[in-house]
Amino acid sequence: MSSTRTFSRTALTGIVLLACVAAGVVAGRWSVPEMSAGRVFANMSAPETASRGKSLSLATGFVDLNEGVEALYGLDHLTGDLHCWLLHSQTGAVAATFTASPGRDLEVTADADYVMVTGLMDFVGTAGNVRPSHSVVFVGDGNTGNVVGYVLMYNRGALQRGEHGTGELRKISQMVTRDVNRIRDQGK
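Last residue of the sequence shown: 188 (the numbering used here), numbering continuous.
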């Protein structure tokens with residue numbers, strides 16, 4: 001009687017464990033979407049980083065996800081200029097430099113309160129060697145609530161060959177976060 005009871009418990013435990021494993025496999029297959037070649041980054045967490053100081057903000061953003069290339073963006077709070085650097089994958093030296101003027105685009109007059117962040121973007125329908133990066137950099141001014149977005153246009157062939165890249169930081173969007181008539185009384 002005791003051996004029958006032990007066998008029954010062991011068999012029941014084995015069946016429960018097998019059912020749990022099968023449920024885990026099925027749930028795992030249904031919860032992880034398939035990734036197509038053109039949408040590689042849909043399920044990855046981006047290692048992009050950002051940091052802000054009193055007069056300088058830095059952020060990284062993907063240029064080419066397939067090649068694992070990132071750009072370093074630097075926003076000078078004193079001049080309102082945005083710089084972007086691509087590093088040579090073999091030497092680590094600066095391979096390309098790009099610039100834009102968010103201070104001018106945001107119409108900042110004095111004492112800007114800049115913020116900067118990068119985000120992933122998959123531009124569809126791009127062809128040729130000059131193409132947009134997989135990241136967009138956004139710069140905002142806290143005093144006005146204005147925000148501008150830029151994308152890096154780079155030469156993919158030059159990047160793959162390790163040559164000095166050419167291109168531009170192209171303004172692609174401009175937004176306003178604040179209606180001047182709706183600002184709360186700040187007790188001033």
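Do not take every clue at face value.
Claimed, not checked - For lysine to aspartate or glutamate, the following EDC-like pairs were computed, each having C-alpha atoms within a straight-line distance of at most 16 Å:
| id | residue 1 | residue 2 |
| --- | --- | --- |
| 1 | K54 | D113 |
| 2 | K171 | D113 |
| 3 | K54 | D76 |
| 4 | K54 | D105 |
| 5 | K54 | D81 |
| 6 | K171 | D111 |
Hints listed in this document are in silico derivations from the structure and should not be mistaken for laboratory results.
Hint check results:
{"no.": "1", "hint": "K54 / D113", "verdict": "10 Å, holds"}
{"no.": "2", "hint": "K171 / D113", "verdict": "20 Å, violated"}
{"no.": "3", "hint": "K54 / D76", "verdict": "10 Å, holds"}
{"no.": "4", "hint": "K54 / D105", "verdict": "21 Å, violated"}
{"no.": "5", "hint": "K54 / D81", "verdict": "15 Å, holds"}
{"no.": "6", "hint": "K171 / D111", "verdict": "22 Å, violated"}
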